[in-house]
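One letter stands for each residue in the lines below.
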Amino acid sequence: MKEINVNELQTLLNSFANKDVFIHLETTNGSYASHYDEKFFNAGAFIRNVKIRYELGKVVGESPHRVGLKMEHGWVYAQGITHYQSDEQGRLLMAGLDYTGKLAVALEISETPFSY
Amino acid sequence: MTLQPERHVLVIFPHPDDEAFSSAGTIRLYRNMGVPVTYACLTLGEMGRNLGNPPFATRESLPEIRRKELIAACEAMGIEDLRMMGLRDKTVEFEDDEKMVNLVTDLISELNPSLIITFYPGFAVHPDHEATGRAVMEAVRRIPKEARPRIYAVGFANNTMAKLGVPTIVHDVSSVRKEKEAALRAHSSQTGWMMQETKHRTEEETTKLDSWFNVESYYLYSFED
Numbered sequence: 020m021k022e023i024n025v026n027e028l029q030t031l032l033n034s035f036a037n038k039d040v041f042i043h044l045e046t047t048n049g050s051y052a053s054h055y056d057e058k059f060f061n062a063g064a065f066i067r068n069v070k071i072r073y074e075l076g077k078v079v080g081e082s083p084h085r086v087g088l089k090m091e092h093g094w095v096y097a098q099g100i101t102h103y104q105s106d107e108q109g110r111l112l113m114a115g116l117d118y119t120g121k122l123a124v125a126l127e128i129s130e131t132p133f134s135y
Numbered sequence: 015m016t017l018q019p020e021r022h023v024l025v026i027f028p029h030p031d032d033e034a035f036s037s038a039g040t041i042r043l044y045r046n047m048g049v050p051v052t053y054a055c056l057t058l059g060e061m062g063r064n065l066g067n068p069p070f071a072t073r074e075s076l077p078e079i080r081r082k083e084l085i086a087a088c089e090a091m092g093i094e095d096l097r098m099m100g101l102r103d104k105t106v107e108f109e110d111d112e113k114m115v116n117l118v119t120d121l122i123s124e125l126n127p128s129l130i131i132t133f134y135p136g137f138a139v140h141p142d143h144e145a146t147g148r149a150v151m152e153a154v155r156r157i158p159k160e161a162r163p164r165i166y167a168v169g170f171a172n173n174t175m176a177k178l179g180v181p182t183i184v185h186d187v188s189s190v191r192k193e194k195e196a197a198l199r200a201h202s203s204q205t206g207w208m209m210q211e212t213k214h215r216t217e218e219e220t221t222k223l224d225s226w227f228n229v230e231s232y233y234l235y236s237f238e239d
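As you go down the protein sequences, you meet chains C and H in turn.
If you're matching positions, the first sequence starts at 20 in the numbering used here and goes up one per residue.
If you're matching positions, the second sequence starts at 15 in the numbering used here and goes up one per residue.
Calculated directly from the structure, the hints in this document are not laboratory data.
We put the CB at the ideal spot given by N, CA and C, even for glycine.
There may be inaccurate statements among the hints.
[To be verified] Footprint (simulated), chain C over chain H, 3 or more residues, beta carbon under 8 Å:
#	stretch
1	70 to 82
2	131 to 143
[To be verified] Which chain C residues face chain H? A few, computed with CB under 7 Å, are given here:
#	residue
3	MET20
4	GLY49
5	SER50
6	HIS102
7	LEU112
8	LEU116
9	GLY120
10	LYS121
11	LEU122
12	ALA125
13	TYR135
Build out the structure end to end from the sequences listed, making use of the hints.
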């Protein structure tokens with residue numbers, strides 16, 4: 020993955036529009052956050068291999084970026100996106116890596132299902 | 015504390031590296047004694063957060079990286095029977111409870127271990143650790159008392175000492191420190207930060223690492239019935 024190039028990422032987002040695609044969306048503080056800081060309220064969400072179709076995908080802002088997908092009946096978005104890659108299987112992998120290199124958010128789009 | 019000979023040691027943890035942090039020295043000592051050790055690793059740590067910045071991995075490439083690290087770590091520990099159980103990181107607690115118990119029961123039936131090393135439920139911090147420990151304890155509880163393997167349980171929640179007291183099983187693993195370090199180094203996607211040059215470490219960090227490298231502690235798990 021490399022740092023976000025807005026034009027390039029926008030082109031990739033456009034290429035998946037109006038197609039049935041599988042997404043992986045994840046936000047996390049890590050399972051140890053409340054272990055190291057007992058006052059930390061640990062929350063996160065994870066969804067993988069859900070099929071959606073979006074009509075408009077947009078990357079916005081300075082890094083860390085926001086990426087939003089507008090669907091017929093709703094929305095998908097992620098904030099804190101810093102890196103991306105179109106992998107060897109043609110999947111669009113986006114991630115938000117914090118200053119120590121730990122993943123805080125991921126949004127991935129693929130025309131074929133991700134592994135288990 | 016000197017390790018006693020065992021018929022077979024079954025190690026059950028959910029993530030590649032759980033075994034290295036908690037037990038690499040103990041496992042290496044058992045292997046040096048000729049005791050067979052099986053490691054059932056439930057997931058490939060697919061949800062590991064450390065991808066680096068600049069990144070060395072993606073969410074999708076991490077599992078294969080960690081699978082290779084796990085194999086290399088097992089070589090360092092001398093584990094010849096590694097079972098990758100195919101569950102997904104952070105989903106273990108959401109699997110069917112009975113399926114999890116059966117997974118453990120099947121391993122016990124096949125291997126007839128005299129000792130199991132796993133996490134202490136209630137004191138294991140990570141939800142996957144807790145679910146693993148719960149499944150193991152329930153599987154062993156269902157075995158007739160006289161036939162049960164002993165269980166060395168790892169607890170490291172902040173309240174562990176307050177609730178359970180000092181660990182009852184303490185292994186000096188300093189004689190195999192090099193092998194433990196090699197196992198930890200093998201999990202480099204997870205341990206790079208701690209295996210780096212020592213010169214930047216604080217005294218507190220050095221003390222903590224030294225205890226990780228030289229001592230492995232467990233609670234002998236006991237059942238009420």
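Status of the hints after comparison with the structure:
Coverage of the stretch 70 to 82 of chain H by chain C holds. Counting CB-CB distances below 8 Å, 5 residues qualify, and the rule asks for three or more. With 4 residues having a Cβ less than 8 Å from any Cβ of chain C, the stretch 131 to 143 of chain H passes the three-residue criterion, so the hint holds. For MET20 of chain C, the interface hint holds, since its Cβ comes within 7 Å of a Cβ in chain H; the closest pair sits about 5 Å apart. For GLY49 of chain C, the interface hint holds, since its Cβ comes within 7 Å of a Cβ in chain H; the closest pair sits about 5 Å apart.
For SER50 of chain C, the shortest C-beta to C-beta distance to chain H is roughly 4 Å, which falls under 7 Å, so the interface hint holds. For HIS102 of chain C, the shortest C-beta to C-beta distance to chain H is roughly 6 Å, which falls under 7 Å, so the interface hint holds. Given hint, LEU112 of chain C at the interface with chain H, holds; its Cβ is 5 Å from that chain's nearest Cβ, closer than 7 Å. The interface hint given for LEU116 of chain C is met, as the beta carbon of that residue sits about 5 Å from the closest beta carbon of chain H, less than 7 Å.
Below 7 Å, beta-carbon pairs count as interface contacts, and GLY120 of chain C has one with chain H at about 4 Å; its hint therefore holds. Given the 7 Å rule on beta carbons, the hint for LYS121 of chain C holds: about 4 Å separates it from the nearest Cβ of chain H. A least Cβ separation of about 5 Å between LEU122 of chain C and chain H falls short of the 7 Å threshold, and the interface hint therefore holds. Residue-level restraint check for ALA125 of chain C holds (minimum Cβ-Cβ distance to chain H is 5 Å; threshold 7 Å).
Because the smallest distance between the Cβ of TYR135 of chain C and any Cβ of chain H comes to about 6 Å, under 7 Å, the interface hint for this residue holds.
Figure legend: structure checked against the earlier numbered hints; every hint is met.
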